[in-house]
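Chains L and G, in that order, are what the protein sequence lines are.
For the record, in the first sequence the residue sitting at position 6 is 6 according to our numbering, with numbers rising by one throughout.
For the record, in the second sequence the residue sitting at position 74 is 74 according to our numbering, with numbers rising by one throughout.
In case anyone wonders, no lab produced these hints; they're calculated from the structure.
No experiment lies behind these values; they were computed from the predicted model shown.
Incorrect hints may appear among the rest.
[To be verified] Label pairs and their computed distance ranges (CB to CB):
(1) Thr112/L x Tyr76/G: 32 to 42 Å
(2) Arg72/G x His73/L: 34 to 44 Å
(3) Asn57/L x Thr5/G: 38 to 48 Å
(4) Lys41/L x Lys109/G: 37 to 47 Å
(5) Lys52/L x Lys109/G: 22 to 32 Å
(6) Tyr76/G x His77/L: 36 to 46 Å
(7) Lys41/L x Thr58/G: 32 to 42 Å
[What the hints assert, rightly or not] In silico DSSO-like pairs for lysine-lysine, Cα to Cα no more than 27 Å straight-line:
(8) Lys109/G x Lys40/L
(9) Lys40/L x Lys19/L
(10) Lys67/L x Lys109/G
Glycine is no exception: its CB is placed at the ideal position from the N, C-alpha and C atoms.
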Amino acid sequence: DTAVSQTPKYLVTQMGNDKSIKCEQNLGHDTMYWYKQDSKKFLKIMFSYNNKELIINETVPNRFSPKSPDKAHLNLHINSLELGDSAVYFCASSSRDLTTGELFFGEGSRLTVL
Amino acid sequence: KQEVTQIPAALSVPEGENLVLNCSFTDSAIYNLQWFRQDPGKGLTSLLLIQSSQREQTSGRLNASLDKSSGRSTLYIAASQPGDSATYLCAVNGAGKSTFGDGTTLTVKP
């Protein structure tokens, strides 16, 4: 009964391709996030969704498009992949907007662009 | 803009030692602060969450403190074990998003 699950766990693809990463949480949380962890292990927020609405969109290329079909799912679609997109992408969720809730993370999806 | 710094970047200790990891942040307008553990190739596991109104939280051998006015938090690990080896990250939560430090990589030698 994984709380936050991401698929796929590993993704290897060529430059220029389009790929998607899926995320689901069964915690009943209202808010979901995508984070990027680069090769130096720095963790940066990319997007935040609250009840299917975009709340935060950090400075991320518009090749990255999050989609939230319902509050339990937040998928990440990436167009025209570039070498610099190689990283581990983490999905997370929290109740409300972090005023009282903890962040819970998925196991990560390691994307390698060749 | 919130900035979070963790010192030291890496720490190696012999088994059984008590140790302290530090986290500092620039904007004291926070909701709470959360400590995580990350094992190589794995996701982040939440260790402790301290609300802005609290001074400390304890879980087993872990104790986290928060001094919001000075922008500091510490994670104290008592009687360290090799299984504690991991990267420890602090996240400062405020205004709808979390800002992470760069982590402290801890190695506990048997």
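Which of the listed hints are not met by the structure? Result: hints 3, 4, 5, 7 and 10 break, sorted rising.
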